[in-house]
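Peer 1: Each chain, letter by letter, is given below.
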Amino acid sequence: MSAAAEFVQVEKTYKSGPFARSGVVAVKGVSLTVPTGSVFGLLGPNRAGKTTLVKLLLALARPTAGTVTRLGRPARDRATLARVGYMHENHAFPRYLSAREVLHFYGGLAGVPGDKLKARAAELLERVGLTDRGQEPITRFSKGMVQRLGLAQALMNDPDLLILDEPTEGLDLNGRQLLRDVVGAHKKVGKTVILVSHVLPEVQELCDQLAVVVAGSVVHRGSMADLLADRKPLEHALTGLYQKGAAG
Amino acid sequence: MTLPDVLRTVRWMVRDTLRQSIATKLFWVMLAVTVTATLFCLSVRVYGDDAPARLDYEVPAVLPEEEVLRIGMEQMKKDGELPATAPVKGTPEFDQLWERAWEKGSAKAKADGVRVMSGRVSFGFGAASAPMGRNRTDSVRYVQLLLAGFVGDTIGVLLALLWTAGFLPTFLEPQSATVLLAKPAPRWAILLGKYLGVVLFVAFQAGAFVGLTWLALGLSTGVWNAEYWLAVPLLVINFAVFYSVSTFLAVWTRSTVASAFGVLLFWALCWAVNYTHHRLIAFPPPGLADGSSLFLDIGYWILPKPLDLGGIFYDAMRAEGFVGQVPELKGVQDQGKFFPWLSVLADGLFAIATLGFAAYEFEQTDY
Numbered sequence: 028m029s030a031a032a033e034f035v036q037v038e039k040t041y042k043s044g045p046f047a048r049s050g051v052v053a054v055k056g057v058s059l060t061v062p063t064g065s066v067f068g069l070l071g072p073n074r075a076g077k078t079t080l081v082k083l084l085l086a087l088a089r090p091t092a093g094t095v096t097r098l099g100r101p102a103r104d105r106a107t108l109a110r111v112g113y114m115h116e117n118h119a120f121p122r123y124l125s126a127r128e129v130l131h132f133y134g135g136l137a138g139v140p141g142d143k144l145k146a147r148a149a150e151l152l153e154r155v156g157l158t159d160r161g162q163e164p165i166t167r168f169s170k171g172m173v174q175r176l177g178l179a180q181a182l183m184n185d186p187d188l189l190i191l192d193e194p195t196e197g198l199d200l201n202g203r204q205l206l207r208d209v210v211g212a213h214k215k216v217g218k219t220v221i222l223v224s225h226v227l228p229e230v231q232e233l234c235d236q237l238a239v240v241v242a243g244s245v246v247h248r249g250s251m252a253d254l255l256a257d258r259k260p261l262e263h264a265l266t267g268l269y270q271k272g273a274a275g
Numbered sequence: 045m046t047l048p049d050v051l052r053t054v055r056w057m058v059r060d061t062l063r064q065s066i067a068t069k070l071f072w073v074m075l076a077v078t079v080t081a082t083l084f085c086l087s088v089r090v091y092g093d094d095a096p097a098r099l100d101y102e103v104p105a106v107l108p109e110e111e112v113l114r115i116g117m118e119q120m121k122k123d124g125e126l127p128a129t130a131p132v133k134g135t136p137e138f139d140q141l142w143e144r145a146w147e148k149g150s151a152k153a154k155a156d157g158v159r160v161m162s163g164r165v166s167f168g169f170g171a172a173s174a175p176m177g178r179n180r181t182d183s184v185r186y187v188q189l190l191l192a193g194f195v196g197d198t199i200g201v202l203l204a205l206l207w208t209a210g211f212l213p214t215f216l217e218p219q220s221a222t223v224l225l226a227k228p229a230p231r232w233a234i235l236l237g238k239y240l241g242v243v244l245f246v247a248f249q250a251g252a253f254v255g256l257t258w259l260a261l262g263l264s265t266g267v268w269n270a271e272y273w274l275a276v277p278l279l280v281i282n283f284a285v286f287y288s289v290s291t292f293l294a295v296w297t298r299s300t301v302a303s304a305f306g307v308l309l310f311w312a313l314c315w316a317v318n319y320t321h322h323r324l325i326a327f328p329p330p331g332l333a334d335g336s337s338l339f340l341d342i343g344y345w346i347l348p349k350p351l352d353l354g355g356i357f358y359d360a361m362r363a364e365g366f367v368g369q370v371p372e373l374k375g376v377q378d379q380g381k382f383f384p385w386l387s388v389l390a391d392g393l394f395a396i397a398t399l400g401f402a403a404y405e406f407e408q409t410d411y
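If you read the sequences in order, they're chains A and B. Residues 28 to 275 (my numbering) are what the first sequence spells out, left to right. Residues 45 to 411 (my numbering) are what the second sequence spells out, left to right.
Note that these hints are calculated values from the structure, not bench results. Honestly, I wouldn't trust all of these hints.
As the list claims (entries may be wrong) - Derived list of chain B stretches under chain A, where covered just means 3 residues or more per stretch with a C-beta under 8 Å from a C-beta of chain A:
#1 60-67
#2 374-384
Said to hold, decoys possible - 20 Å max Cα-Cα, derived SDA-like pairs, lysine to any residue:
#3 A:145 / B:63
#4 A:143 / B:52
#5 B:69 / A:122
#6 A:143 / B:48
#7 B:69 / A:123
#8 A:170 / B:48
#9 A:143 / B:51
#10 A:42 / B:218
#11 B:69 / A:165
#12 A:42 / B:297
#13 B:69 / A:125
#14 A:143 / B:228
#15 A:170 / B:219
#16 A:42 / B:404
#17 A:42 / B:408
#18 A:42 / B:63
#19 B:69 / A:167
#20 A:170 / B:220
#21 A:143 / B:405
#22 A:55 / B:51
#23 B:69 / A:163
#24 B:69 / B:215
#25 B:69 / A:141
#26 A:145 / B:410
#27 A:42 / B:405
Glycine residues also receive a C-beta, built at the ideal position from the N, C-alpha and C atoms.
Sequences are here, hints too, so could you generate the full structure?
Peer 2: Written as structure tokens, this is what we have:
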């Protein structure tokens, strides 16, 4: 099976200043493969390095060492980003835009042709339940509505690789069901989803593969079935891995 | 990434910036300044001769306004047109008397072969007036020079730099930028689009300012100076050059305060270097070391030259007939050492290089 994303011996150190010799080590020697067509969970405690891995994959940050590959091409090759959708938990959309304008703007920059933007935006607004709020400025939106809009913008280019960073933050029950439907639909057509989340029931329900990151290192990788093999609840299994990772 | 992709990215960013400018009310604040200036221009009236077919500034016989009025009064006295009691200043009777005296004085002076070229301009629909320039056209040119050279090129550009300094740092905050930067559009094209959006916004405002004040002055005075339109490209060039510095500071620091005050300080530095360079050429102090002169020459050619842009506009407006040039700039011009188009070209290269540094810094930045 080909890889939708691949990390080989990746390290990332954030320098604390332009002339600083040392810095904060966010990722240490991570090697990881995200198979195409999988729903891949990226789990770990706060400040474990999960979001840094996502940023490296999206070329938002450059690795200090190692190689990152996205959809078969080096991550620095931006062309493949046209096949990627990204939703971020606390993204601040331009407050002067309406929901429809947000979708047109981000869709346009993602490479969606101008003649298809309108129809695609209308379709996605309906899918995330914001059709009747499409013309409203997003300053009037609740956090949950902004999250739904964030999901819609990530889907504008019908991505082959969908990256969801804490997507359930602020979503109500309907919103969470919507997210499950979106991930399920993606998986059904053989596309890849990377899910970074703390909400364990969703991870357990949706993901078939996962990696657990603690203190910048991967302490477990494999299928969800492997992790739950000894019939412990996911929370217990993860707690054990977190403690092991922190100690190591 | 192909050229159409880059153009599409730039177009989206330009459109986004224009929306941002309208949403931040800056668009309307700047338009309100233009409307105020337009109303002021509508209130302007000029009196005096029409412009001669060819400006002839060598003619020294310019009869001062007071002398024209004195001659007029004498002529009215001879003709028995003077009222028994002098009208109070500010009354319609006083204005009528003033206009009649001006008319008679001008006619007499011309009949005697003296060229009367002085004009008079009133503001606020006649609320205040002052002698100005040498004729009607020059009086209007003077008002336009003040509007474009002082209100637009100095106050306007500095305020525009201050007001737009927050556009990029807000946009570059990680919370706003990460999703955008995860799109295939190259970072440099995103930055260029944002820069061009702000410059286009200012170009629109400069066009509205110059266009509306030109129209208002034309309607109120009957004088239509096409040269005034040159203020639009000069204002835009001046802003664009300094906004490239603001862009670099925004990318480097992501701070509105650093971006705003940094660019204002930089403008002051450039003005000082530009002025000092010309002063040392026009009035060289004794014993000036070659090294100092060379150092200043290098600084002059590398840094933007706001004083030079003002000088170019001054020349375009043929302002030498009614207001003095900055002596240092005039000294350089008299020595044949002023190269306006090279100066503009050097400014353009500076802006391109600064944007290049900003783009490089942006490419290297981790989000």
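Peer 1: Can you confirm whether the C-alpha distance between residue 42 of chain A and residue 218 of chain B stays at or below 20 Å?
Peer 2: With a Cα-Cα distance of about 17 Å, the restraint between residue 42 of chain A and residue 218 of chain B holds, given a limit of 20 Å.
Peer 1: For residue 143 of chain A and residue 405 of chain B, compute the direct alpha-carbon distance and say whether it is at most 20 Å.
Peer 2: 34 Å, violated
Peer 1: Between residue 42 of chain A and residue 404 of chain B, is the straight-line Cα distance small enough, at 20 Å or below?
Peer 2: 18 Å, holds
Peer 1: Can the restraint linking residue 143 of chain A and residue 51 of chain B be considered satisfied, given a maximum Cα separation of 20 Å?
Peer 2: 18 Å, holds
Peer 1: When you check the alpha-carbon spacing of residue 170 of chain A and residue 48 of chain B, does it fall within 20 Å?
Peer 2: With a Cα-Cα distance of about 36 Å, the restraint between residue 170 of chain A and residue 48 of chain B is violated, given a limit of 20 Å.
Peer 1: Does residue 69 of chain B pair with residue 125 of chain A here, judged by a C-alpha cut-off of 20 Å?
Peer 2: Given pair residue 69 of chain B, residue 125 of chain A holds - Cα atoms ~17 Å apart, limit 20 Å.
Peer 1: Verify the proposed pairing of residue 143 of chain A with residue 52 of chain B, using a straight-line Cα cut of 20 Å.
Peer 2: 14 Å, holds
Peer 1: Holds or violated: are the alpha carbons of residue 69 of chain B and residue 122 of chain A at most 20 Å from each other?
Peer 2: Holds, at roughly 13 Å.
Peer 1: So if I understand the rule, the pair passes when the alpha-carbon distance is 20 Å or less; does residue 170 of chain A with residue 219 of chain B pass?
Peer 2: 14 Å, holds
Peer 1: Would you mind confirming whether the straight-line C-alpha gap from residue 69 of chain B to residue 123 of chain A stays at or under 20 Å?
Peer 2: Distance ~11 Å between residue 69 of chain B and residue 123 of chain A Cα, so the pair holds.
Peer 1: Below or equal to 20 Å on CA atoms is what counts here, so check residue 42 of chain A against residue 63 of chain B.
Peer 2: Given that 20 Å is the threshold and the Cα spacing comes to 36 Å, the pair is violated.
Peer 1: Holds or violated: residue 42 of chain A and residue 297 of chain B, Cα atoms, limit 20 Å.
Peer 2: Holds, because 15 Å separates the two Cα atoms, which is no more than 20 Å.
Of the numbered hints listed earlier, those contradicted by the structure are 2, 8, 18, 21, 22, 25 and 26.
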